[in-house]
Amino acid sequence: MGWALLLAKRAAIGAMIGIAVSDELVSLARMQGSSMEPTLVAGKSLMEGDVLLLDKFPGHDFGFSRGDVVVLRSPHEPQYWMVKRLIAVEGDMLRVPGKRELVQVPKGRCWVEGDNANVSLDSRNMGPIPMALLKARVTRVVWPLERFGRVESILPTGRIVAHGERPIR
Amino acid sequence: MLWKSLSDVAGRGAAIVQCVCFMDVFSNHVLQIQQCIGPSMLPTFNIRGDILVTERLSVKLGKIRVGDVVMARSPSDPRMVVCKRILGLEGDTITVASDKGGSTKVKIPKGHVWLQGDNFHKSRDSREYGPVPSALLQGRVFYRIWPPQGWGFVGRIPSQSV
Chain W
37 MGWALLLAKR AAIGAMIGIA VSDELVSLAR MQGSSMEPTL VAGKSLMEGD VLLLDKFPGH
97 DFGFSRGDVV VLRSPHEPQY WMVKRLIAVE GDMLRVPGKR ELVQVPKGRC WVEGDNANVS
157 LDSRNMGPIP MALLKARVTR VVWPLERFGR VESILPTGRI VAHGERPIR
Chain X
29 MLWKSLSDVA GRGAAIVQCV CFMDVFSNHV LQIQQCIGPS MLPTFNIRGD ILVTERLSVK
89 LGKIRVGDVV MARSPSDPRM VVCKRILGLE GDTITVASDK GGSTKVKIPK GHVWLQGDNF
149 HKSRDSREYG PVPSALLQGR VFYRIWPPQG WGFVGRIPSQ SV
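So the protein lines, in turn, are chains W and X.
So for the first sequence, this note's numbering puts the first residue at 37; every next one is plus one.
So for the second sequence, this note's numbering puts the first residue at 29; every next one is plus one.
Note that these hints are calculated values from the structure, not bench results.
All of these numbers come straight from a predicted model, not from anything done at the bench.
Treat the hints with care, since some could be wrong.
[Said to hold, decoys possible] Here chain X is said to cover these stretches of chain W; the calculated rule only asks that three of the stretch's residues, wherever they fall, bring their Cβ under 8 Å from a Cβ of chain X:
hint, region
1, 47-53
2, 81-89
3, 149-161
4, 180-191
[What the hints assert, rightly or not] List time: in silico DSSO-like cross-link candidates among lysine-lysine, alpha-carbon distance up to 30 Å:
hint, chain 1, residue 1, chain 2, residue 2
5, W, K143, W, K80
6, X, K138, W, K171
7, W, K143, X, K32
8, W, K92, W, K45
9, W, K92, X, K128
10, W, K80, X, K128
11, W, K143, W, K171
12, W, K171, X, K128
13, W, K171, X, K88
14, W, K92, X, K133
15, X, K150, X, K133
16, X, K32, W, K135
17, W, K143, W, K45
18, X, K150, W, K143
19, X, K135, X, K88
20, X, K133, W, K143
21, X, K91, X, K128
22, W, K171, X, K135
23, W, K92, W, K135
24, W, K80, X, K88
25, X, K32, W, K80
26, X, K138, W, K45
27, X, K138, X, K88
28, X, K133, W, K45
29, W, K135, X, K91
30, X, K32, W, K92
31, X, K150, W, K135
32, X, K88, W, K135
33, W, K143, X, K88
Glycine included, C-beta positions come from ideal geometry on N, C-alpha and C.
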């Protein structure tokens, strides 16, 4: 009986450390949906699609940068997650295709868009969203090996007309 | 001799790491102890800071009800956690009294809730920042452990001050 208990204890400790690391430091996730193509590619099931390395550090003090690819909780469907690119932060004045007026991002909010503009549902549909929804930054694709590499932080040019207090790097 | 000391240190280090991980996982996923400071939840909670126990499960399971007191990340400042009462769930229509008399009706969109402090006059809440995505809710406040005369469950209606 002794060894089973020891195994259970070791498994529980391992799981606990794993959860803590995954919550606070780094974790892996499988891409779903086509809203970030061609940057990130999903498969038809949970067994296919890019495997992403997520950095949880920016989620602690919300030190995300414009251009980062971020993972966030969906504002309208809280049980789902979204992967989008952070385009603008609070205070920024933003040009939105299809709209004549500029949009100013209110305090505490941000503007996110999917790279695949044709299919992505994002801030262009639902407006600025609270930055507190952002939980992680996608740093790399780790699988499949042909697509292994860094996910670059790229800010599309010409979108931000004036910025808030945070300078553009 | 040196090897024994190193393995002692490693043993203690491992114990500390396990402790920190346990506290992190427990407070993020089970129970958290937090303080609610400020006038926005008077008379239910005091200005100078009541100490509350928040449970994480109800939010994770989507079992939040109107009247629950919750901790949530503020939509206007991601670094701030606010303590408010849920006055409406998705699909509900809230009637907001405006300062100049009269009122407006707000329908709460899918996935959102209406947060309001018990202190009608001194609370910044959904009346200012609109319905809040329920993904911002951290947990349900269910017990108060300070001040001592306020020990007890936190109910779904505003209570008298202690």
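A quick look at each hint next to the structure:
no.: 1; hint: 47-53; verdict: holds (count 3)
no.: 2; hint: 81-89; verdict: violated (count 0)
no.: 3; hint: 149-161; verdict: violated (count 0)
no.: 4; hint: 180-191; verdict: violated (count 0)
no.: 5; hint: K143(W) / K80(W); verdict: 38 Å, violated
no.: 6; hint: K138(X) / K171(W); verdict: 21 Å, holds
no.: 7; hint: K143(W) / K32(X); verdict: 56 Å, violated
no.: 8; hint: K92(W) / K45(W); verdict: 27 Å, holds
no.: 9; hint: K92(W) / K128(X); verdict: 45 Å, violated
no.: 10; hint: K80(W) / K128(X); verdict: 55 Å, violated
no.: 11; hint: K143(W) / K171(W); verdict: 18 Å, holds
no.: 12; hint: K171(W) / K128(X); verdict: 39 Å, violated
no.: 13; hint: K171(W) / K88(X); verdict: 16 Å, holds
no.: 14; hint: K92(W) / K133(X); verdict: 39 Å, violated
no.: 15; hint: K150(X) / K133(X); verdict: 21 Å, holds
no.: 16; hint: K32(X) / K135(W); verdict: 70 Å, violated
no.: 17; hint: K143(W) / K45(W); verdict: 47 Å, violated
no.: 18; hint: K150(X) / K143(W); verdict: 20 Å, holds
no.: 19; hint: K135(X) / K88(X); verdict: 24 Å, holds
no.: 20; hint: K133(X) / K143(W); verdict: 24 Å, holds
no.: 21; hint: K91(X) / K128(X); verdict: 36 Å, violated
no.: 22; hint: K171(W) / K135(X); verdict: 27 Å, holds
no.: 23; hint: K92(W) / K135(W); verdict: 34 Å, violated
no.: 24; hint: K80(W) / K88(X); verdict: 27 Å, holds
no.: 25; hint: K32(X) / K80(W); verdict: 54 Å, violated
no.: 26; hint: K138(X) / K45(W); verdict: 42 Å, violated
no.: 27; hint: K138(X) / K88(X); verdict: 17 Å, holds
no.: 28; hint: K133(X) / K45(W); verdict: 55 Å, violated
no.: 29; hint: K135(W) / K91(X); verdict: 39 Å, violated
no.: 30; hint: K32(X) / K92(W); verdict: 36 Å, violated
no.: 31; hint: K150(X) / K135(W); verdict: 37 Å, violated
no.: 32; hint: K88(X) / K135(W); verdict: 37 Å, violated
no.: 33; hint: K143(W) / K88(X); verdict: 27 Å, holds
Of the numbered hints listed earlier, those contradicted by the structure are 2, 3, 4, 5, 7, 9, 10, 12, 14, 16, 17, 21, 23, 25, 26, 28, 29, 30, 31 and 32.
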